[in-house]
Amino acid sequence: MTTTPVRDRGSGSGPGRGSAASGPSQSPGPVRSGSGPRRQGPGAFPWVISAAIAVAVLGTALSLNGVLRGWAWYLPVATTVIVVALALAALRWIGAKTLVVSAGAMAALILILTFTFFRQRSFFGLIPTSETMEELRRLIRRASDTVLSESAPVAPNAGIVLVTCASLGLIVILVDALAVPLSMPATSGLGLLAVLVVPATIKPQSVGLAGFLATGAGYAMILAACQWFAPDSHAQSGLPRGTGHLRRTAITGALALAIAVFLPLAIPGFDRGTFPQGSRLNPWGASNGLNPMITLGNSLRNPTNEGRIVYTSSSSRPVYLRSVTIDRFDGESWSPDDRNSTRRVGPARITPGYGITGEVTRDITSVDSGQFSSPYLPVPFAPESVTGLSGQWTWDPATLSIKSDSSTSRNQQYIVFSTAPKITAASLLQAVQAPVGVPDEFKQVPANVPDIVRRTATTVAAGTTNPYGRALAIQRYLRSPDFSYSLQAPVQGGYDGNGMSVLADFLEQKSGYCVHFASAMAVLARLEGIPSRIAVGFAPGRMTGDAVALAGQGSFQEYEVDARDAHAWPELYFEGLGWVPFEPTPSRGVVPDYATEQSDAGNLSTNLDPNVLLPTAPATGPAVSPLPAPAAAAGGEGANSSPLTFLYGALAVVAAVLVALSPRLVRSGVRARRLQQRSSPGEDRNARRGFLRRRRYQGPPANAPELAWAELQDLATDYGVPPSASETPRRFSARLRGSSALGEPEGIDDAGHAAVESLTWDFERHRFGRPLRQGAQPAADRIAAVRASLQGNARWLKRMRAEWLPPSVTSRWGHIAGWPFRLVGRSVAGATRATGRGLRRTGQLLLRLGRR
Amino acid sequence: MESKRNSTVDDTPAHRQGFSAVPASGTGLNGHKAKVMDPERFHEASERILSAINKVIDGKADAAKLALTVLLAQGHLLVEDVPGVGKTLLAKTLARTIDCTVSRIQFTPDLLPSDVTGVSIYNQSSRLFEFRPGAVFANIVIGDEINRASAKTQSALLECMEEHQVTVDGTSYRLAEPFMVVATQNPIEMEGTYPLPEAQRDRFMARISMGYPDMDSEIEMLETHQAISPLSKVSAVVTAADVAAMIATVQQVYVSQAIKEYTVAIGRATRDSARLRLGASPRSLLQLLRAAKATAALDGRDFVLPDDVITVSESVLAHRIILDRKAASSGDTPQGIIRSIVSGVAVSPDAVPDTRRRESLRHSG
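Chains A and B supply the protein sequences, listed in that same order.
For the first sequence, this note's numbering gives the first residue as 1, with consecutive numbering after it.
For the second sequence, this note's numbering gives the first residue as 1, with consecutive numbering after it.
Listed next, the in silico SDA-like pairs over lysine to any residue satisfying Cα-Cα at most 20 angstroms (straight line):
(1) B:K260 - A:R770
(2) B:K260 - A:E706
(3) B:K35 - B:G300
(4) B:K260 - A:R731
(5) B:K260 - A:R765
(6) B:K65 - B:S209
(7) B:K260 - A:G769
(8) B:K152 - B:G192
(9) A:K422 - A:G469
(10) B:K260 - A:R730
(11) B:K260 - A:P771
(12) B:K55 - B:D216
(13) B:K65 - B:E80
(14) A:K798 - A:S740
(15) A:K97 - A:A672
(16) B:K260 - A:T728
(17) B:K260 - A:A725
What the hints contain is simulated information worked out from the structure, not anything from laboratory work.
Can you make the complete structure from the sequences, with help from the hints?
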């Protein structure tokens, strides 16, 4: 027999399309009948493809090391991925339908996640209960806190590992759905890519070689498995590949390599640091909430002025707005300790937990927090009372941080009365008593202090006699020319973030920004016996030019700060004086008088507008606006940027992908079901799994021609030749063949035409002819031939629509969706008719009456 | 040229012995029990008949095929058209291609029923009443201008058509099988005619109108028919036994449930149609199905397709329905209405659950 005409239009990949391209020694005729040796059911395929997917996803997960710290998280991830992959393989092996396979894998994912994370809080350790959901919510909140507040590598807490496991499990299902039922193994790489994007954007060293190699290997395995088991690949025939294959492979590979190597050279920003250069992608946005330490670096690097806060203070010194403090320096990563147990409600009256001797100054500050959104309230230190807040706020006696669990600082207008001891160098010099007024936790030196930190402390403090001297020495050391202020250096050096190891790196590199300087000073101070903590907030801002009248205090300049002013500074405790702020960061903030040594008193280095230093400048602004009544704005809870947003976003993306895929998924599932090939009579597969396949029997099903016909009709619908109800099969097939969709009857589309004809005949015979006892011809080959012809003759747009949004599926959905409307329409029409009849009858009656 | 009444076709006297008046008490079916033909032979025979007809009548293959269909479906054919388009020629050719008895009746107002059915005559020698069969005792009866005869005569013929038997003086005589009446009718010249009432038209399985031939055919006709009657060249290509076997084959054609449902659906649709005063009768549906079976057989199939039903639906149904006044005055033809009704009936309602969608798709597209 002759060879099939080959349509050289290399679109489409995967086994579905492969039939059009035939080698010289195969495809005996236009319509191949009979089942080849590989149509024998799943065999090893489910296991192999699942193994390949599991390897690929697990390999990809390797690259997450560095996003998550250590390797402890890998075990649950591996368990999840393997369980889901096994579920996929098992379901496919027993011959479950496409959607059932995916749904079953989903169920397996939920079970294993429940088992791993909520064993205590679920039914039998497997079945999720309402308690599980509560715990889940807690873990997700924790994960989102981690994402928002921590820097990579983050500690693998239960929340983030749960999210990771769930995502990777979903990726397994997605990759599987793409590779197997949708027959697009090449596209399944997208799922793996989605995982790789995370380390690529977060880790400074990007994906890493191991992760990349493992991903590539897994991907290659998926491709190989799909190719090997594809229904009509010629890989199995053992034919030697032509040189064309090899050449194409070589060219493609070389081209990809060349692009990968040379393109980054041409584009700036690829070769160093994370992408885009030096700034982390922060797709969730809205994290101007100054969640301590990490977002701080991002805020500083952020060129926009988000989270603008305006304030007016009666203070004569530059005002630092302080949100929160960090005082625990052990652990992998430093974060504020909320001390929820000791917090007190009602910031209207705040008392510090320590005594102050000597003079204090009292100031009033009014703050309008605008769009700045954070659970912590920025206030000047040390607040005595805060009024005008909306929502429930609590304060911590130890740190005086004001926090709310229910509301945020967004759109708050409040007035803060603050006190500060009058601190002078002289009073500091006298504060030599051992600190007793503070809890031990501020004195504790963590156990894991690196050597370089200890060495530095010893060196720096050498020759000093009192705590004040030591503090000054540390500040001087950090402000020395050896240290440079840089927002980018920590990112590029890989020590952006916080923690002891970061500190060590910083002391080596001697370049960083306020977080590093502040934490260095705090830790060094503790090593020298001075209680310390890191305050996070805003450096003094710029004048807006307006003047605001403060109740009973006269008119003062209004200042504004925004994300770029985010700052961290150390506070050191001196007995009798309380917590005293220092400013070790060069070129940021304002060095207080007491922290200035006489020698460089005039050398207040600052990057601020000079007049900031003169806050009492008699600038009577043109518009002295009265202070906005704080209570008036109390209603503004504002759009609380939920920390769960990003999770919902991710879920929405997955859902959107599934929705976008679902017409095709449904379509190919329907097709596969219709064309399901039963085993050839000679092979006894049923005996093996008879208990699972009671309703299966030898040979194609009795209604195979009907199913094939339905498939043909749907194919035609997809390609713009929908059947009509009053059309006989023969007329429909004549119309299909006559339309341009199937091409010319002679030549290249001969097979398609012949297949349509033969399918029509089969269907007619089945439907209208005498009932036949023997089985029908398998239709898959003929359907494939028709499909190839239809695809070949359709323009790409039509082909895309037919493949991705097949009208046969979408219009059916539309029909279902339109049902309520039709119902309403029908009833309205009925009512109209009835009304019309009634009116007519009334009219006739009236006429008749009139005539009388 | 031809005698006015009861003139049997004179070319084939040798076969007249096939004609016999069998008493109704006989075994029926003319003695030979017809055997089913195998498909090849059936096809071959039908091809022979059709090509013979087409040789005589140029460009009327459809009419010829329909005539053969009616013959094989054991129906009767009404050919209705203006004079001179070959109505009679078609009937005669069909009769001539089959080796069977043919009689022709030219209907006139003074034709009596006994001329059609036959009459008992007193035989002087045997001193018995002897039945002299009328013109209807033939395999194919050509009734020319049937609307010219009186109603009484028409109904005498129509009784024979329905019953396939003749009753004279209390004795029933079985007619030969196959038996087919091909009547012609002239719709133009209505002066002094007795148009067939609906009830009688219903007995004809199909009505066809010949229509004018197309240009080429007409030219060819002028060429070939100049000197001699083309009829003279026609000789029988199948025997009556063959035809009986073909009829038996047609009877064996399988009709699926779906086709029955489809046929009934068409019938009901005609009855429900607002444009029709009278829809298709159950008998007409039976005849529709029989004609469809014959069509299927002629197409070489042993089962009926909806296409077969559709193919014959116009010819079978159009002459039985009566148009509503409004429809008639708005210019609808029965054929057109049947066509539109058939095109609106779902072919297989159970197989296509979403008919409305497809309909709407089609209409919108």
